[in-house]
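The listed protein sequences correspond, in order, to chains P and L. The first sequence maps to residues 89 to 163 in the working numbering. The second sequence maps to residues 1473 to 2185 in the working numbering.
Treat the hints as calculated values from the structure; they're not laboratory data. Ideal Cβ positions, reconstructed from N, Cα and C, are used throughout, including at glycine. Accuracy of the hints is not assured; some may be wrong.
Estimated spans, in silico, between C-beta atoms of each pair [to be verified]:
| no. | chain 1 | residue 1 | chain 2 | residue 2 | range |
| --- | --- | --- | --- | --- | --- |
| 1 | P | K136 | L | L2000 | 28 to 34 Å |
| 2 | L | S2184 | P | K97 | 45 to 51 Å |
| 3 | P | P109 | L | Y2160 | 29 to 35 Å |
| 4 | P | K97 | L | S1683 | 27 to 33 Å |
| 5 | P | P109 | L | S1949 | 37 to 43 Å |
| 6 | P | K96 | L | K1655 | 40 to 46 Å |
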Amino acid sequence: MKTLIECKKGCKAKVLKLNAPKELKQRLISFGVMKEATVEVLEHAPRKSTIEVKVGKMRIALRAEEAELIEVEEI
Amino acid sequence: MSEVETKKCPVIANHIKVALVGQPNVGKSMLINSVSNAHLHVGNFSGVTVDKTEVLFDYKGYHFTVVDLPGTYAFTDYTIEERVTHSYLCAESYDLIINVVDSTNLEKNLQLTSELMSMSKDIVIALNMDDEAKKEGIFIDASYMSELLGIPCIKVSAATKSGIDNLIEAIVTQYEAPKQESKLIFSEAVEEEIAQIVSYLEKHKYKAKNSYRHVAINLLKNNKKTYEKIHDDPIWTELQPILIEASKHIELHHDSDDIKEAFAEEYASFNRGIIAEVLKQEVVEEKKTLTEKIDSVLIHPLFGIPIFLFFMWSLFQLTFELGAIPMDYIDAFFGWFGDTIGAVISNDDMRSLVVDGIIGGVGAVVLFVPNIIILFIGIALLESTGYMSRVAFLLDGFFHKFGLHGQSFIPLVTGFGCSIPAYMSARILKNDRDRLLTLFIIGFMSCGARLPVYVLFSGAFFSPEMAGNILFAIYISGAMLGLIAAKILKLTAFKGADEPFVMEMPKYRLPSAKLIWHTVLTKTMMYLKKAGTFIAAAAMLVWFLSNYPHNIELQNEYNTKIEKAVSESDKITLENSLNSKLLEQSYLGRIGKFSEPIFAPLGLDWKMSVALQAGLAAKEVVVSTLGVLYSLGSDVDEQNSSLSTIISKNIPFASAVAFIVVIMIYLPCLAASVVFTREAGGIKYFFYLLAFTSVTAYSLAFIAYNVTKMISG
């Protein structure tokens, strides 16, 4: 299974599943990161500790640990 | 929350109480500012408003109370600010909700709207940022949208103040019209379950204030309040298994074990339907938006951090260089002002009080207004352009190593302006441990009131070309110390798992000059007001304590010596020694002498110790106290006796370094300490802070003093 952190800069992916604990999952959903949503990796911070992704028209920053919990499929 | 006031509205026929709700950073506070004449703080990052604020205004015969609530992405209690909004909406009484949405990002914003729609309250939707949407080629059919949602949707722009009249008229109409049932439609699977529950409720004639459909939806969503109510009803025993079955079906349908996730997906698909109907995007979106282009430079993995450091360095260079230009004039003005006033007053004591005490003390503080203004402009730019969140993104990895959350960056930067709003803005941190940790180290970010001390000392000991760099170094080393302190606290007092970091990166916006002007003006006026009131009073107190009790004997003894002295230079030496003897035996001198042994290992004389102690009230008092103390006991022959020259003559460099170190670290001012105690949630935290900062300040100042002495010989 591929997760968001494995996606390279500039890649687009479809979210398949959120493996996050309940609270974080709701947070992600409220940001628009939910099943079927398309995310695009925009930028990596130094050493990939944090990544910037685009969901819809919104840009969000995620830590690598969180990005690992998002199962995706590249498109 | 204790400080949250519950202002009860007077019961007047045409009084409308409105709750302003929306996702973070959609311009709620700005909208209030354009509707009324309020001046709420506005910025371009999520979490500017952390507490609810009420604004009252009249419009066409109606009294309005608008409650500005902190932005919230969804009805979760993720952070304290979200809890404020959620509990207000559920528990308080108000007439109507204005849901402010960002027209340029409708889909995401409608997620919250859907949740609001399930609350059975009157809603008006303000499609804000209409001007930006037009620029981006987005057209929204507001009247069709109103029809589809059953909610009036009004296009407005808080920035250009367009559509405000329409919005208020819609509020009045909606307020007077009978309540409408929400037009939220779910997928077939969910609708089936709702219908089943509704028919069950109908069959048993369940008594409810809201419609059965509304009750059914809330039951499915696990709404606590609805549950509690129905739980005591006899139909519960029969209803419960139906509900469990229904939830199972819905979860199965959405392939999820979380009913909230299922509903979020339901809302999302409903919203997609709405968007498809009402939104037309004329221009095909560019491959890269402007924001993304700027981001590719500013948050570049390699150059991002150096660019940020360069910005900060430039800010402090400007603070010093540009700030120095008007300083000479201000200094000259106060000198002239003191002389003019002094010439009018015949009584010696009165003259000294006014000239040395009040004008000297206040003048020393006002002198730094240009520096303060530049620093405030810098912070206002950081806040309003959207760059702040980028820096949080860049520094998260680095901060994380020190046990801090990337979002801690926002309160920490605010702390460079003033610690009080910084303590408040720590509320954006979800986890209490992270929040407390951040609260403890905000003090390491030197606030604006400490700037005068740094400017004074770096100007006194370094050439003007170097002083700006020194200023930058002081701020950076303060921040580094803060990080190290955070690491130590994280390893000892605030142990625990790391919190997730998920943060919105707002679009870059060109800040309006008016907005910056206003923010800076407000803050500067506050500084001046403080100088005129609190600082003036403190300066008078310091003057009094340093002039009394009078020692006539000593004065007489010296006066005869001075008369006998032959040469002019002997006279001056004697006068100087009289002045310093007089100062030493004053009340303040005695306090200083009493505490001198404590500060002696740091190389601080009694005047500096007194200034530090006075700084506990407010950091501006440090400079005003130094001003009073050194103008009283300074060399009389000194022609150009600006405070900074006096200081460079009277204070050894190593002592000055120790003094700065203490200023950087020790307890924030009284007002900030009070806010800290409130935000941390108990007086015991204040004592922890007191102990923590005092021990750190003392030991580091001791080290700094000795090391500097060794190096400089």
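Quick rundown of the hints versus the structure:
1. Restraint check, K136/P to L2000/L: a C-beta distance of roughly 48 Å breaks the suggested window 28 to 34 Å.
2. A C-beta distance of roughly 50 Å is found between S2184/L and K97/P, which places it inside the suggested range of 45 to 51 Å.
3. A beta carbon spacing of about 31 Å between P109/P and Y2160/L agrees with the range 29 to 35 Å that was offered as a hint.
4. Between K97/P and S1683/L the CB atoms are about 50 Å apart, so this pair departs from the stated range of 27 to 33 Å.
5. Under the hint 37 to 43 Å, the C-beta atoms of P109/P and S1949/L, about 39 Å apart, fit the expected range.
6. Look at K96/P against K1655/L: about 43 Å separates their beta carbons, and that is inside 40 to 46 Å.
Consistency with the previously given hints fails for numbers 1 and 4, ordered from lowest to highest.
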